[in-house]
Amino acid sequence: MAYFARRFVFFLGTLWAAVTLNFLIPRLQPGDPAEAIVSRLAGQSESVDPAQVQAVRIMLGAPDGNLFEQYLQYLGAVLHGDFGVSYTYFPYSVTHMIGQALPWTVILVGVTQIISFIVGTLLGTWAAYRRNSRVDSVITLGSTFLGTLPFFWLALLLIYVFAITLRWFPERGGYGGGSSPGWSWIFISDAFQHSVLPAVALLITGPIGWIIGMRNNMVQSLGEDHARLAVARGLPRRRIALTYGARIAILPNVTGFAIALGSVLGGTVLVETVFNYPGMGRLLLESVSSRDYPLMQAIFLFTTVGVLVANFLADLLYGFLDPRVRKAETA
Amino acid sequence: MKRSRLARIAAVAAAVALATAGCTGTEQKSGPGTDGRIAYLDYGDFGGGSNPQANYNPYLDASRLGATEYVFEQLITYDNYGCQAKPWLATEWTWSDPKTLVWKLRQGVKWNDGKPFSADDVAFTYDMLKQHKALDTKGIWRYLSAVEATDPQTVTMRFAQPGAAAFTLFGEIKIVPKHVWSTVGDPVTFPNAEKPVGTGPFTVKAFNPQQLTLGRNADYWQADKVKVDELRFHKADGGGQIDQLKLSRGEYDTNAMFVPDIKKAYVDRDPEHNKYWFPSGGSISVYMNLTKAPFNDTAFRKALVPAFNRQEIVDKAQLGYVKPASQTGLVVPGQAEWLPKDIPNQGVAGYDAARADADLTAAGYPKNGAGKRVGKDGKPIAFSFRVPGSWTDWVQAQRIIVANLNALGFTVRAETPTPEAYENDRAIGNYDMLLGVHGGSCNMFRNFQEPLASDQSAPIGKKAVSNFVRWNDPRTDQLIDTLRTATDEAGQKAAVADLTRVMTEQVPMIPLWYGAKWFQYRTAKATGWPSEENPYAAPSDNLLIITNLRPTGTNAK
Chain A
3 MAYFARRFVF FLGTLWAAVT LNFLIPRLQP GDPAEAIVSR LAGQSESVDP
53 AQVQAVRIML GAPDGNLFEQ YLQYLGAVLH GDFGVSYTYF PYSVTHMIGQ
103 ALPWTVILVG VTQIISFIVG TLLGTWAAYR RNSRVDSVIT LGSTFLGTLP
153 FFWLALLLIY VFAITLRWFP ERGGYGGGSS PGWSWIFISD AFQHSVLPAV
203 ALLITGPIGW IIGMRNNMVQ SLGEDHARLA VARGLPRRRI ALTYGARIAI
253 LPNVTGFAIA LGSVLGGTVL VETVFNYPGM GRLLLESVSS RDYPLMQAIF
303 LFTTVGVLVA NFLADLLYGF LDPRVRKAET A
Chain B
3 MKRSRLARIA AVAAAVALAT AGCTGTEQKS GPGTDGRIAY LDYGDFGGGS
53 NPQANYNPYL DASRLGATEY VFEQLITYDN YGCQAKPWLA TEWTWSDPKT
103 LVWKLRQGVK WNDGKPFSAD DVAFTYDMLK QHKALDTKGI WRYLSAVEAT
153 DPQTVTMRFA QPGAAAFTLF GEIKIVPKHV WSTVGDPVTF PNAEKPVGTG
203 PFTVKAFNPQ QLTLGRNADY WQADKVKVDE LRFHKADGGG QIDQLKLSRG
253 EYDTNAMFVP DIKKAYVDRD PEHNKYWFPS GGSISVYMNL TKAPFNDTAF
303 RKALVPAFNR QEIVDKAQLG YVKPASQTGL VVPGQAEWLP KDIPNQGVAG
353 YDAARADADL TAAGYPKNGA GKRVGKDGKP IAFSFRVPGS WTDWVQAQRI
403 IVANLNALGF TVRAETPTPE AYENDRAIGN YDMLLGVHGG SCNMFRNFQE
453 PLASDQSAPI GKKAVSNFVR WNDPRTDQLI DTLRTATDEA GQKAAVADLT
503 RVMTEQVPMI PLWYGAKWFQ YRTAKATGWP SEENPYAAPS DNLLIITNLR
553 PTGTNAK
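Top to bottom, those sequences are chains A and B.
Each position in the first sequence, counted from 1, maps to that position plus 2 in our numbering.
Each position in the second sequence, counted from 1, maps to that position plus 2 in our numbering.
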């Protein structure tokens, strides 16, 4: 049990460190949010009225107290789930904005991550099972080739071919303007059409890491003594591959998958920017460029907590799956 | 082998895509509207960031949606190109003395919920901005002392000091209904999202973060002038590739964005209907740190005026979209009537490196044996010139400027800091030479007070409000003060003329080119857009434009 307790304490410690860094980092950056907002409004060729900067500053509410008092206020607010008001979307709250963006990211990226993981693991297993065959070389070479394509370029190519030239899919956005978000059939099919191209882009590049990881792990575990023993005992090849190879090889991939799911929130900036998808990645990018500290902090915090929780769960899972881990740490 | 397999995968993917896609089918045919009006016009973006939220609070500049401009109105509307005030919710205004301004309001105006508009609403609006400083984005209560509804059709404004200088600020405050806003708990955090009540030509018909639709207000006080039934705004990528593509396909009836090579990308696609007009905005100028040698020497600065190849900057760094700027600080030709008659070429200096060379030598800055220009201390003059590194057109201009200066024997370091570092250093005076923007508005007082008044300056190391060059000259201050208090146009013009002479003779800064106001429009459905031939408004004067549009094919009024 000590293993789990230690993991938990470690989890709490890193969580606290993440929250604190999250508070400090934006405050150490140069630049004034009020001026950033106003000069973005004015554009670079218009002069900015100082009265406007002043008004925006009052609107945002100047932080009161010294850094430590601000820190305590921040901790208290975070504990109550209060992340403040977004500067960019004033007077809407940070929680409201995240609530609007979150479903898009979770559905698009969550679903493609799961599919990528399943497809990648299966293909990797198949390649290792048939290692040094034609199937293996097609899968390995193919994924290496696709892995070298810049994602950005690939996404633009998809847009150019399927949205602009062929006009099969809309070129950007999460849904058209004609339907409003809700549980109507029209909206859902509209949102689905909009999600196809970004999902395809993610699915082309997504499984590559899982394929290569799974194949290499499995080739390695099939080369170990117990697997050789199984071959010597004359067990069927398929059974050796699955129980002696895949079952062990999948462990690191499971950890990787947990972490990948945890980082869904922040890891989607590129795809959402290229496709103008209304999710968390674009919200994050926007909050950084307009110095929207409350929004930025909340998104970073959610992302960090997501990764930490996933890590913690993966640790627990490991403890259950592999007794050696527990033993090694208690010994 | 590999090739054929990939091809098969691609074919399968394409088939799946075909099956699931159907057609996107969002395009609609534009038929004629009712009563000979235009059924709808497609406008560009509606602001509000990447995930817009319904926000029609006209004072929340940073987050309100652009459509607010069509829902709310103000006492006067400026033609921001020719700088003419047009009567709007007010029909006339008079200065009964330099500290008292009396407005007569238009009769028969109604809020879009049917209630009558009156002087009470006006007084309430101005008072609300006094109570809530965060809403006073123009800073009008720096000048005002009281706003009263003298009778239902009359509003009297009183000023702490003569108030004429800030006239353009007072008149353009959006007026909101007292019967709605007096019930709002805190107007600063009020998004006004549900059926905003205003007097304007349109009301909010439908909104989602991808599209905003405005419908014509049939009870509008000049409804007969509004010939468009619907305005549609779309979420866009802020002038990115896709937006430019949609523009070139004619999917917008009007838009305001930067387009590289607009003739090829837009006009040539449909020369009959696709047009653009990029009138000049504020002056982009070389700012010199006037607290340092040699920039503190008037003769030195004056010698530099012809040193810059403005036309090359305009052609190469600005794609020829803008015009070289006048040394007077005014925007020509729009504001030409404010210029003294004796200024040649409206104050736009030509490029004459030989003259700059001779003038610099005469001013005591000769070249040494190595061809380097030396200061009065006999040492070669070396300094830095900064622009924000991410503003690519300015970086292009920087190359030309630095080459022009180096050709004269200076040793100039081109620096490209981040915009934040650049702005901070400019404010605290930590620079030698850089680019800055000033002027361009219809408020002549603002145009000169912000860059030149000593009360907008600060010691080096402290943030200046807007006088970043740290110009400190009693005569300039006196002229700005005259401009602040002059209620008659003759007095204002005399003060402006003298300020343009300060600009040309003492050279506090060197304007190079004008920022452009981007504006594209299509005449397929509507005519009557402002243009170079018919510059009745600036591209941002939405109320003036919407009341001038006519269906294509009908006679202009």
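Check each hint, because a few of them may be wrong.
Distance windows between CB atoms, simulated [as the list claims (entries may be wrong)]:
no., chain 1, residue 1, chain 2, residue 2, range
1, B, 274, A, 149, 46 to 52 Å
2, B, 186, A, 19, 40 to 46 Å
3, A, 182, B, 116, 41 to 47 Å
4, B, 262, A, 82, 46 to 52 Å
5, A, 77, B, 84, 34 to 40 Å
6, A, 14, B, 293, 39 to 45 Å
7, A, 69, B, 186, 52 to 58 Å
8, A, 188, B, 266, 52 to 58 Å
9, B, 477, A, 72, 53 to 59 Å
Chain A regions said to be covered by chain B (calculated; three or more residues, Cβ under 8 Å) [said to hold, decoys possible]:
no., region
10, 97-106
11, 251-262
12, 278-284
It is worth saying that the hints were derived from the structure and are not from the lab.
Virtual Cβ for every residue (Gly too), placed ideally from N, Cα, C.
Comparing the hints with the structure gives:
no., hint, result
1, B:274 / A:149: 46 to 52 Å, "49 Å, holds"
2, B:186 / A:19: 40 to 46 Å, "42 Å, holds"
3, A:182 / B:116: 41 to 47 Å, "27 Å, violated"
4, B:262 / A:82: 46 to 52 Å, "49 Å, holds"
5, A:77 / B:84: 34 to 40 Å, "57 Å, violated"
6, A:14 / B:293: 39 to 45 Å, "54 Å, violated"
7, A:69 / B:186: 52 to 58 Å, "35 Å, violated"
8, A:188 / B:266: 52 to 58 Å, "39 Å, violated"
9, B:477 / A:72: 53 to 59 Å, "47 Å, violated"
10, 97-106, "holds (count 4)"
11, 251-262, "violated (count 0)"
12, 278-284, "holds (count 3)"
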